[in-house]
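Residue numbers (this note's numbering), protein chains in the order written: chain A, 1 to 466; chain B, 1001 to 1404.
Please keep in mind that the hints were generated in silico from the structure rather than gathered at the bench.
Computed from a predicted model, the values in this text were never measured in an experiment.
C-beta atoms are modelled at their ideal positions from N, C-alpha and C, and glycine is treated no differently.
In silico lysine-lysine, PhoX-like type, Cα no more than 20 Å apart, as pairs: (1) A:LYS370 / B:LYS1210; (2) A:LYS202 / A:LYS237; (3) B:LYS1324 / A:LYS202; (4) B:LYS1075 / B:LYS1085; (5) B:LYS1093 / B:LYS1289; (6) A:LYS263 / A:LYS279.
Ranges of calculated distance between the beta carbons of each label pair, as one might list FRET restraints: (7) A:SER334 / B:ALA1132: 52 to 58 Å; (8) B:ILE1367 / A:GLN287: 41 to 47 Å; (9) B:ASN1279 / A:ARG383: 47 to 53 Å; (10) A:GLY236 / B:LYS1075: 42 to 48 Å; (11) A:GLN123 / B:GLY1329: 18 to 24 Å.
Here are some chain B residues pointing at chain A (derived, C-beta under 10 Å): (12) ASN1133; (13) ALA1157; (14) LEU1161; (15) ASN1165; (16) ASP1166; (17) LEU1178; (18) ASP1180; (19) ALA1183; (20) GLN1187; (21) LEU1190; (22) ALA1204; (23) VAL1211; (24) ILE1215; (25) GLY1330.
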Amino acid sequence: MLNPIQMTSQQARHLLVRTGFAPTQAEVDKLVGKPAQTAVADIITSALAAKPKYPPPAFVSQAPPTPANQLKTVDERQEQRRAQIAEGVELKAWWLREMLETPTPLAERMVLFWHNHFATSQQKVVRSQAMWRQHQLFRRHALGSFASLLHGIAKDPAMLVYLDAANSRRDAPNENFAREVMELFTLGEATQGGGYNEQDIKEVARAFTGWSVDRDDFSFKFRAPAHDIFSKTVLGKVGLFNGDDVLNIMLAQPACGEFIIGKLWKEFVSPMPDKAEIKRIAKRFAQSGYAIDTALADLFTTDAFWADSNRGSLIKSPVDLVVGTVRQFAFSYSDVLPFVLKTSQLGQNLLMPPNVKGWPGYTDWINATKLLERKNFTQQLFRSIDPALGRMAMLKVGKAEAAMMLDADAFLRAYGGRADGVPNEALKTTLAGVLLASDATQNIANGTVGVAYLRTLTLDPAYQLK
Amino acid sequence: MKRRDFLSNVSTATGAALLSAHAPGWAQAVASRASSVQERILILIELKGGNDGLNTVVPYADSAYYQLRNTIGIKPDELIKLDAKVGLHPDLKALLPFWEKNELAIVQGVGYPEANLSHFRSIEIWGTASKANEYLSDGWATRGMHAGLASKAAYTAEGVLIGMNDFGPLAGARAVSLNDPVAFVNQSRLARVNELATSTQNPALRYLLKVENEISQAADGLRGDKYAFDTVFPTGQFGNGVAAAAQIVASQRRDKADNKAGGVPVMCLTLGSFDTHQNQLGTHAGLLKQLAEGMAALKSALTELGAWDRTLVMTFSEFGRRAKQNSSGGTDHGTAAPHFIAGGAVRGGLYGQAPDLNRLDGTQNVIYTTDFRQIYTTVAQQWWGVNAESVVRGRFDALKFLRA
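Make a model of the complete structure from these sequences and hints.
Below, the structure is given as structure tokens:
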């Protein structure tokens, strides 16, 4: 086992980058010299106990809006939609702020992971309170039981509306939901180890008939007359299954654990899943009753996680880039809305994943446009700071703006540098080690002073890695 | 199909009257393709989500159609009739001039064996021209590059995807994805050809460096003043995409004095979402209108540039939709569907066979009659002049939608 007994600075940084957003030097220093196993356990324990720092947006506890079908005019319906989407933005801003300020970022990473896995978009759901309730479900089970999470999300009104599952009747079962539950949530694609076929999908659709959403109060309702009570055959099992039953059948498949662990591997460990390791961890995952914290501890202590060749093998998501950059340099900001809009511009619009598959991630984050936008963002951040005067400058993204501040001197002093000083070779090496997850690929012109040096380092393609 | 046979199929008086009003100009001389391979452009239009082909090219003479689509079927008198059997959805009327000039080919029943009904998997199959049970990573257009197209010219980029993240047919090619070429060139100053990491074992880093280099090269070729078109482009995302494509072609014009640009042989646009599971009529009509008006604007702009005869515009989609409508006024995932091919070098008309609505498969879907790889074969052999077998990884019969 390659788990470090005494973590070096580089290893501590790697652990914190992968399990959180980019760490400050202080956060890294706390872990240097500690055994990896202990640090992993501590990180998971505190994530399990994590609570949001700020109270949620006001709309979550207000009276529900008038049901859309009771609104008389097109104007009223459009206005309600606009208002709901605006509340959704409040929720995104609240969430992003939690990510920026949380002392337990693994909890936020897992909430985002489940939001991506059980993709649901407010573009279709519209109702902000429903998106909040779904978000709460992810928070409740983020590092808990995947079985509970699955049962919860399968009945979540926002999810049912998103997948058109709210009208499924025994005389016309809606297959879309059944297909997505198997293909995207539990077993993966049929032709890639999922082990099910079109007939199974049809039978599962029958089991879910009667599941619906009350359009007035947007709550889950089981409509017995619409449910197909007769015998179904799912993955070789025969019975008078309802929706809960078929979920349990899926959970019982080895393919389910392997599918989930495979996704977690690609999120936290490397882009190349190790089949044998995944089987091993998936088996423990299933035996533990699908305890997500067990799976994470296993993943964070694999040889692959700690291998040198895996350092910098993943690509930062837009959230990683925006939140990580702000946290690592300790930028202060007067408003989070520009960051919300920026992650959306970079391809990760919280609460609005592009389709049911969520954000594929890895190289999918990067194309010519997106790479240029990422570099533009870090340039914008640094240019909005005047190092000599330290005065507040404005970061503008779309219609949003925030006053930004950066104590570049404080950042550089920790490494023996100065904001207006030209870094010597030793400092250059240190800074590259702190900011880049792999070796630098570009030279920076001689004579570049401290802040400009930092800014230019973020232009290195290696800055996009983690 | 010969035009004489085509017209003799018209039997009803109504049909004949309609047809004479919209007959393809058969007095028009068959233009020979004057363009050379390295100047030719392929513009792919992705109909994202799975276009309902049955309501696009409607088999109005088949009573089965109205049985299957009891509330969402398009009535015969609403259609733009093409012959005694099929008619176009009314919101495609901007395509009528194409049809009349014999520049629109409609290939019917396009699909593939063992159809996959998953969006992601099926669009992968179309993009990589794989078999239903194999997984390839290169796009079919990329394989066209490798088969010889890449060396025909010093292309600015092998492909440009507009408003798309998924490289699909261009996966693995020297391609860039952008929203607007001018903004792209401006921003490209942030990318540099890398100096230090000439070889790296890190696939993620390798990918980043590759994109970085491709940005620089594409920007060099796309630089230049914006062309002032007379064409008015439709508003909206698709209209913007069409305008961007036109700008890119303009920036590659060979008659520009300082032009060093080598051309962009493949471009990809996207329009959607066609995934109409519920209440599809209004949504579908709106999308088809956007498609037709976008294609009309594209033709108009390319004609201004003198590029229409060397451009081929082709739609594609992950699948068609279920023959029978569902209980929500929509349709579920399907299999085969018709696709449009337009261009100055196209021989217009109906190709292939409309699928048999009385012979549905185990998932209640139509059975394909033309393999999409036949279309790709035609492009590879006759448009690009490369070996088709390596592009589609097998032998498929070409179609005759390109003039000799």
